[in-house]
Amino acid sequence: MSAFLTYLISGLAIGCTFALVGSGFVAIHRVTRVVNFAQGTFAVVAGMMAGSMLGHGLPHGLAEVIAVVLAGACGLAAGVIAIGKPGTPTLSSLVITLGIAIGAYAVEIVVWGDQPVSYQMARGSVDIAGAHIQTQYFVVIGATIAIFIALSLFFSRSYVGKALTACASNPYAARLAGINPIRMGLIAFTVGGVLGGLAGVLITPLQPVTFDADVALAVNGFAAAIFGGLNKPSAALVGGLVLGVTEALVAGYYNASYQTEVALGLMLAIMIWQARKRLSVVEEVH
Amino acid sequence: MLRVEDLVVRYGNATALDGVSLTVNAGEMVALVGPNGAGKSTLVNTLSGVLSPVSGSVQLEGTLAQVPEGRQLFADMSVADNLQLGAWRSRRRSGARDPRRVYAVLPDLERMAGQLAGTLSGGQQQMVAVGRALMADPDILAIDELSLGLAPIIVSDLVEHLRMLNAERGMAVLLIEQNARLAFDLCERAYVLEAGRITSAGTCVELARSPEVARAYLGVSGEAVTVIAAGATDAGSPVGMAGGGSA
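Going down the list, the sequences are from chains A and B.
Residues 359 to 644 in our numbering are what the first sequence lists, from first letter to last.
Residues 3 to 249 in our numbering are what the second sequence lists, from first letter to last.
Because the hints were derived from the structure by calculation, they are not lab data.
The reader is advised that the hints may include incorrect statements.
Partner residues are not named here, just some residues of chain A that face chain B (Cβ under 8 Å, in silico) [claimed, not checked]:
| # | residue |
| --- | --- |
| 1 | Ser516 |
| 2 | Tyr517 |
| 3 | Gly519 |
| 4 | Lys520 |
| 5 | Arg533 |
| 6 | Leu534 |
| 7 | Gly536 |
| 8 | Pro539 |
In silico SDA-like links for lysine to any residue, alpha-carbon gap of 20 Å or less [what the hints assert, rightly or not]:
| # | chain 1 | residue 1 | chain 2 | residue 2 |
| --- | --- | --- | --- | --- |
| 9 | A | Lys590 | A | Phe506 |
| 10 | A | Lys443 | A | Phe513 |
| 11 | A | Lys635 | A | Gly587 |
| 12 | A | Lys590 | B | Leu118 |
| 13 | A | Lys590 | B | Ser80 |
| 14 | A | Lys443 | A | Val453 |
| 15 | A | Lys590 | A | Phe513 |
| 16 | A | Lys443 | A | Arg391 |
| 17 | A | Lys635 | A | Ala593 |
| 18 | A | Lys590 | A | Gln473 |
| 19 | A | Lys443 | B | Gly120 |
| 20 | A | Lys590 | A | Ile630 |
| 21 | A | Lys590 | A | Ile507 |
| 22 | A | Lys590 | A | Arg636 |
| 23 | A | Lys443 | B | Ser54 |
| 24 | A | Lys590 | A | Lys635 |
| 25 | A | Lys590 | A | Ile503 |
| 26 | A | Lys443 | B | Ser80 |
| 27 | A | Lys635 | A | Met625 |
| 28 | A | Lys443 | B | Val52 |
| 29 | A | Lys590 | B | Glu63 |
| 30 | A | Lys443 | A | Ile507 |
| 31 | A | Lys443 | A | Tyr530 |
| 32 | A | Lys590 | A | Arg391 |
| 33 | A | Lys590 | B | Ala77 |
| 34 | A | Lys590 | A | Leu511 |
| 35 | A | Lys590 | B | Asp78 |
Ideal placement from N, C-alpha and C gives every residue a C-beta, glycine not left out.
Please model the complete structure; the sequences and the hints are all you need to start from.
Now the structure itself:
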């Protein structure tokens with residue numbers, strides 16, 4: 359029982375970071391229709407930046423904020439390159455983001471080296487039902503809850519957030535209202551960068567991050583995001599948590615080598631089941 | 003207010019508008035009628051800046067807001083949000099985003115404020131689309147297919163609202179319609195657009211008397227034309243529409 363609880367909590371925490379990466383995919387895709395392959399890069403950049411800032415003696419909080427701001431700036435820069443030119447086809451933008459992700463490896467190695475980076479955020483552990491659970495996990499879960507609440511308020515209450523939602527809902531009508539799709543796309547890329555950065559500063563204390571950790575993060579984040587058709591941040595949260603917990607349970611009870619494969623297989627099964635349910639509704643209508 | 007001169011718009015090699023000129027004066031209601039594919043929506047999208055002309059000019063004093071064909075609401079957002087986003091261009095002006103400005107004119111919208119736009123009936127959606135355009139405080143409202151897919155009684159209600167907006171605020175209206183009866187009844191002047199060219203223009207009374215226009219757009223011939231024209235001069239009586247007043 360105590361082992362199960364440990365796996366569950368650690369899985370939820372890792373799942374939270376997948377959900378954050380996934381919601382970054384969603385934030386960008388719903389406005390621009392671009393699947394941003396550089397989404398994992400934002401997390402790696404933020405994780406490494408926070409690590410080196412802390413190494414230089416900056417206090418916690420400040421280091422993470424600087425790292426997340428940097429990730430947001432990287433998001434904006436990626437957006438300018440990928441969608442800044444009016445009329446860039448979506449597929450071209452997608453390939454550009456892939457190029458950015460690969461190009462970023464070189465920069466990361468030059469700036470931070472090729473060794474894994476990690477740091478401690480919260481010390482100690484909490485005892486629940488006989489299980490030692492690192493405080494770190496609760497910090498990640500709490501922060502993610504707060505971020506998702508803020509994100510949903512941003513999209514539903516703020517005027518810019520509503521404009522982003524409007525671009526996702528009906529791009530033509532948004533243009534008629536004077537909402538500039540490229541400017542909104544750049545805001546979306548910045549939000550995506552910030553969300554990726556938040557994932558990075560939260561995951562680095564849990565798993566050391568290397569320059570090429572973006573692939574695993576992006577694969578898991580993307581799987582979480584397509585759970586809601588790449589359009590719903592809340593679905594990305596559910597998807598991320600399912601993935602994280604499954605991976606932790608597979609690693610804990612069976613073999614860590616298969617954790618990602620098993621979790622992605624489960625996601626696939628869930629999505630096929632969902633699609634069948636949707637299909638049967640369509641059949642009933644016709 | 004709006005002066006369009008010799009406008010040419012192409013989609014690739016296909017010419018959608020081939021030298022279109024028209025004017026709308028301040029406070030005037032002008033109809034643009036024509037068959038499907040004549041270029042009516044192309045024209046209004048060019049006025050809105052969504053399409054760019056190959057040549058010709060659009061001179062606009064003041065602001066133009068478009069009520070697009072098929073309403074084009076933000077379906078998964080509330081009516082109030084739809085209205086607020088209509089004020090995007092003037093968002094920094096204080097009070098510009100307050101949907102109560104539009105509730106004063108279209109009170110029905112206040113009742114629906116919290117509903118998702120996509121769940122409304124066609125007529126309600128058209129009213130939201132008009133309300134969203136009004137949020138931009140337009141000097142000229144370009145309405146693309148007001149009556150499409152709506153019951154006559156709902157159309158006449160919307161028409162009454164337009165008359166009121168025109169009379170009280172002096173807002174000019176450019177009404178793009180397939181239903182020429184409705185357009186001629188509401189407007190003073192009209193243009194007929196066919197295959198990307200203006201083929202007739204004049205007052206609605208004159209156009210309704212012209213045999214070609216009557217045959218093509220009013221579905222009548224011979225003596226009946228005069229009856230329609232006489233009806234059109236009788237201000238306020240909705241010709242060829244079921245019921246008047248509000249629904």
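Going through the hints against the structure:
{"no.": "1", "hint": "Ser516", "result": "violated (11 Å)"}
{"no.": "2", "hint": "Tyr517", "result": "holds (6 Å)"}
{"no.": "3", "hint": "Gly519", "result": "violated (10 Å)"}
{"no.": "4", "hint": "Lys520", "result": "holds (5 Å)"}
{"no.": "5", "hint": "Arg533", "result": "holds (6 Å)"}
{"no.": "6", "hint": "Leu534", "result": "holds (5 Å)"}
{"no.": "7", "hint": "Gly536", "result": "holds (4 Å)"}
{"no.": "8", "hint": "Pro539", "result": "violated (11 Å)"}
{"no.": "9", "hint": "A/Lys590 / A/Phe506", "result": "holds (12 Å)"}
{"no.": "10", "hint": "A/Lys443 / A/Phe513", "result": "violated (25 Å)"}
{"no.": "11", "hint": "A/Lys635 / A/Gly587", "result": "holds (15 Å)"}
{"no.": "12", "hint": "A/Lys590 / B/Leu118", "result": "holds (17 Å)"}
{"no.": "13", "hint": "A/Lys590 / B/Ser80", "result": "holds (17 Å)"}
{"no.": "14", "hint": "A/Lys443 / A/Val453", "result": "holds (14 Å)"}
{"no.": "15", "hint": "A/Lys590 / A/Phe513", "result": "holds (11 Å)"}
{"no.": "16", "hint": "A/Lys443 / A/Arg391", "result": "holds (15 Å)"}
{"no.": "17", "hint": "A/Lys635 / A/Ala593", "result": "holds (17 Å)"}
{"no.": "18", "hint": "A/Lys590 / A/Gln473", "result": "violated (35 Å)"}
{"no.": "19", "hint": "A/Lys443 / B/Gly120", "result": "violated (32 Å)"}
{"no.": "20", "hint": "A/Lys590 / A/Ile630", "result": "holds (18 Å)"}
{"no.": "21", "hint": "A/Lys590 / A/Ile507", "result": "holds (14 Å)"}
{"no.": "22", "hint": "A/Lys590 / A/Arg636", "result": "holds (17 Å)"}
{"no.": "23", "hint": "A/Lys443 / B/Ser54", "result": "holds (17 Å)"}
{"no.": "24", "hint": "A/Lys590 / A/Lys635", "result": "holds (19 Å)"}
{"no.": "25", "hint": "A/Lys590 / A/Ile503", "result": "holds (16 Å)"}
{"no.": "26", "hint": "A/Lys443 / B/Ser80", "result": "violated (32 Å)"}
{"no.": "27", "hint": "A/Lys635 / A/Met625", "result": "holds (15 Å)"}
{"no.": "28", "hint": "A/Lys443 / B/Val52", "result": "holds (17 Å)"}
{"no.": "29", "hint": "A/Lys590 / B/Glu63", "result": "violated (41 Å)"}
{"no.": "30", "hint": "A/Lys443 / A/Ile507", "result": "violated (33 Å)"}
{"no.": "31", "hint": "A/Lys443 / A/Tyr530", "result": "holds (18 Å)"}
{"no.": "32", "hint": "A/Lys590 / A/Arg391", "result": "holds (13 Å)"}
{"no.": "33", "hint": "A/Lys590 / B/Ala77", "result": "holds (15 Å)"}
{"no.": "34", "hint": "A/Lys590 / A/Leu511", "result": "holds (14 Å)"}
{"no.": "35", "hint": "A/Lys590 / B/Asp78", "result": "holds (12 Å)"}
Going through the hint list in order, the structure does not satisfy hints 1, 3, 8, 10, 18, 19, 26, 29, 30.
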